[in-house]
Amino acid sequence: MARFIDELKRTHYCGLLREGDIDREVVLFGWVHARRDHGGCIFIDLRDREGLAQVMFDPQIAAQAFAVGDQARSEWVLGVRGKVRDRGAMRNPKMPTGTVEIVALEAVVFNKAETPVFPIEDDIDTNEEKRLEHRYLDLRRPRLQHNVMTRSRIYHHTRNHFADHGFVEVETPIFVKYTPGGARNFLVPARLNPGMFYALAESPQLFKQLLMVAGFDRYIQIVKCFRDEDLRGDRQPEFTQIDVEMSFVNQDDIFGIIEKLVIRLWKEIHGVDLTQRYPAVVGDDGVTRHFPRMKFDESMRRFGNDKPDMRFGLEHVDLTEQLIAHAGGGVPMLTPIAEKFASGAYRRDLPEEIFKGLRVPAEQAGGLSRAELDKLEGFVKQMGAKGLARAKVGPSGEWLQSPFAKTATPDFVKAVNEALGAKEGDLLLFQFGPETAVHTVMANLRLHLGKKLGLIPEVGAKSKSHETGDWNFLWVVEPPLFERGDDGKSWAAAHHPFTRPHDGSLEDLEKDPGKVLCYRYDLVLNGVELGGGSVRLHDPEVQKRVFAVLGIDDATAQEKFGFLLNGLKHGAPPHGGIALGLDRLCMLLTESESLRDVIAFPKTGKGSDLMTGAPNTVLPEQLAELKVRSLVEG
RNA sequence: GGGGUGGUAGUUAAGUCGGUUAUAACGCCGGCCUGUCACGCCGGAGGCCGCGGGUUCGAGUCCCGUCCACCCCGCCA
Numbered sequence: 113m114a115r116f117i118d119e120l121k122r123t124h125y126c127g128l129l130r131e132g133d134i135d136r137e138v139v140l141f142g143w144v145h146a147r148r149d150h151g152g153c154i155f156i157d158l159r160d161r162e163g164l165a166q167v168m169f170d171p172q173i174a175a176q177a178f179a180v181g182d183q184a185r186s187e188w189v190l191g192v193r194g195k196v197r198d199r200g201a202m203r204n205p206k207m208p209t210g211t212v213e214i215v216a217l218e219a220v221v222f223n224k225a226e227t228p229v230f231p232i233e234d235d236i237d238t239n240e241e242k243r244l245e246h247r248y249l250d251l252r253r254p255r256l257q258h259n260v261m262t263r264s265r266i267y268h269h270t271r272n273h274f275a276d277h278g279f280v281e282v283e284t285p286i287f288v289k290y291t292p293g294g295a296r297n298f299l300v301p302a303r304l305n306p307g308m309f310y311a312l313a314e315s316p317q318l319f320k321q322l323l324m325v326a327g328f329d330r331y332i333q334i335v336k337c338f339r340d341e342d343l344r345g346d347r348q349p350e351f352t353q354i355d356v357e358m359s360f361v362n363q364d365d366i367f368g369i370i371e372k373l374v375i376r377l378w379k380e381i382h383g384v385d386l387t388q389r390y391p392a393v394v395g396d397d398g399v400t401r402h403f404p405r406m407k408f409d410e411s412m413r414r415f416g417n418d419k420p421d422m423r424f425g426l427e428h429v430d431l432t433e434q435l436i437a438h439a440g441g442g443v444p445m446l447t448p449i450a451e452k453f454a455s456g457a458y459r460r461d462l463p464e465e466i467f468k469g470l471r472v473p474a475e476q477a478g479g480l481s482r483a484e485l486d487k488l489e490g491f492v493k494q495m496g497a498k499g500l501a502r503a504k505v506g507p508s509g510e511w512l513q514s515p516f517a518k519t520a521t522p523d524f525v526k527a528v529n530e531a532l533g534a535k536e537g538d539l540l541l542f543q544f545g546p547e548t549a550v551h552t553v554m555a556n557l558r559l560h561l562g563k564k565l566g567l568i569p570e571v572g573a574k575s576k577s578h579e580t581g582d583w584n585f586l587w588v589v590e591p592p593l594f595e596r597g598d599d600g601k602s603w604a605a606a607h608h609p610f611t612r613p614h615d616g617s618l619e620d621l622e623k624d625p626g627k628v629l630c631y632r633y634d635l636v637l638n639g640v641e642l643g644g645g646s647v648r649l650h651d652p653e654v655q656k657r658v659f660a661v662l663g664i665d666d667a668t669a670q671e672k673f674g675f676l677l678n679g680l681k682h683g684a685p686p687h688g689g690i691a692l693g694l695d696r697l698c699m700l701l702t703e704s705e706s707l708r709d710v711i712a713f714p715k716t717g718k719g720s721d722l723m724t725g726a727p728n729t730v731l732p733e734q735l736a737e738l739k740v741r742s743l744v745e746g
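Going letter by letter, the first sequence gives residues 113 to 746 in our numbering.
No lab work stands behind these hints, which were simulated from the structure alone. Glycine residues also receive a C-beta, built at the ideal position from the N, C-alpha and C atoms. You may find that some hints are simply not true.
Ranges between beta-carbon positions, derived for each pair [unchecked claim]:
| no. | residue 1 | residue 2 | range |
| --- | --- | --- | --- |
| 1 | 735 | 161 | 41 to 49 Å |
| 2 | 674 | 456 | 42 to 50 Å |
| 3 | 283 | 262 | 18 to 26 Å |
Using the sequences plus the hints, can you model the full thing?
Take a look at the structure:
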């Protein structure tokens, strides 16, 4: 074996051999991808991270090499010295290296391998469970190799981009002080301080603000974050953010640097020039903008969430005004809501209950059978909806097959039809009740219908979205600063309490907290939240007023966030920042269906690592050393 | 925390109304084959039917519980 590696160094990656290498003597190292034995001669497709190359073993040419090829099996690790030759008429147009093959002159078995649990190729239908158990095999598959290497290039371009713009990369602690609010924290027992715990940082939020106070001016970090919440296909307990903070900037400045990064990444990774779709627009204020912006309020009204997928229609229409104007329109289910508005119990500008409709145009609605409509009702019920009122629009605009049809007044029907733009054959779907519930149901219903009706391009390797340029970016801006607390009466910070209120909203802080907007923003791509951030509150007076609304007194604020507040008192520059979800960015750039496909060693929906077996129980002695007792029976 | 789907050979699946020896494809092993590239031909091995209880003369199949994975809601920036 000493000859290979010590004397014979690799000269080429298998997957990169081309016609230009013909007649060269090469040394290749790789895995046996496939072996075809013809008795006299043997073909082996040798695989490395760059791809496959066909190696031909001929006993007439090299008996020693042939013996290796004869013995070799799937996934054995080989070294081959050989000569590249033209395959002539025998070329394989399906392979990038298909015009050439390597005639083996000398070969070595570095290692044998057990029969692989599943084939090392794309488009396998093996359970994800099996794939995660043997992740080292899964990662050998070309698609995951590509994803992991693409991710590496994303790190590289991201760091270069920020370095080019004068950003300083700083590491912040992972073991941090527990701060209340937001996501649940993972806790780490502090052995040197019995009974005490560190929290794993859910983000470097407070530290990056303090780096601004420290004067670093522009901060970047590609950083792991930890949140102990329930998981999804697009959520992991540990994930990576591109974390950014800048001093002496406004919202436009932050958008500018992020838009440039995104444009650069799409150019470098996909070769797509996003500026064709999103050319620079210089506003009256002299600021250059690329991506469109939408106010939070408009997004909720039209799409029911703050991350609209604008690649298709099926927008929502708020019909609460029509409901009020027609006193419930004769529909018993709707009348109580109208009465609440009439009596003044509900405000029109901040309604507690609303009535929304969604129109499925006739050409798409025709494809939905009665049974499928009933299934839709099941779909919304699993999200807590009481039902899914619907109506088919008749020739004269009348409602058919509808629970509202019997009693709805003609004027109300007409008003609703007009608001929705309803035409004959259209299907109308309605939802009414508490605002947040209606929005959740309608937003999910819209996405569900979009997929079902084929209005959203398929995600995955077969997707052509990077070719057709269906990359739909959007900034969602100006959300409310506060939302109702769990009790429905108090106020809680919608983002975090250090977000700067909108200039025009300051007078509402005490009068009408629900109306206060703020400098917070999310970057959305094709309905996926890529990241978000805010301009921070650096005025101690306004900060005090915000805490007052939240019911946090000075002592409590000091106890919870003392270190940040102290920092802000010592000369804090105006600052703001953003964090982009790197995993999601990779997912979209590699057009993967799951976050797990862009993370080398991901965890399952219960947060376990099927390969290593984490988390696991520990010995009583280990707990004792940490002064921790488990409540679970061993 | 709630709902849905699934777990049978190494892998992916079939398995009817509860009834003889649990099927198939791919993979694997052996033999043959010098131009294959989804190589081909002949032969063969391979099973705790997720786990634990129950019903029954008899359970892969029915019932109860439990574990695991995936998807959705809640939760989560």
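Fill in: Hints the structure fails to honour
none
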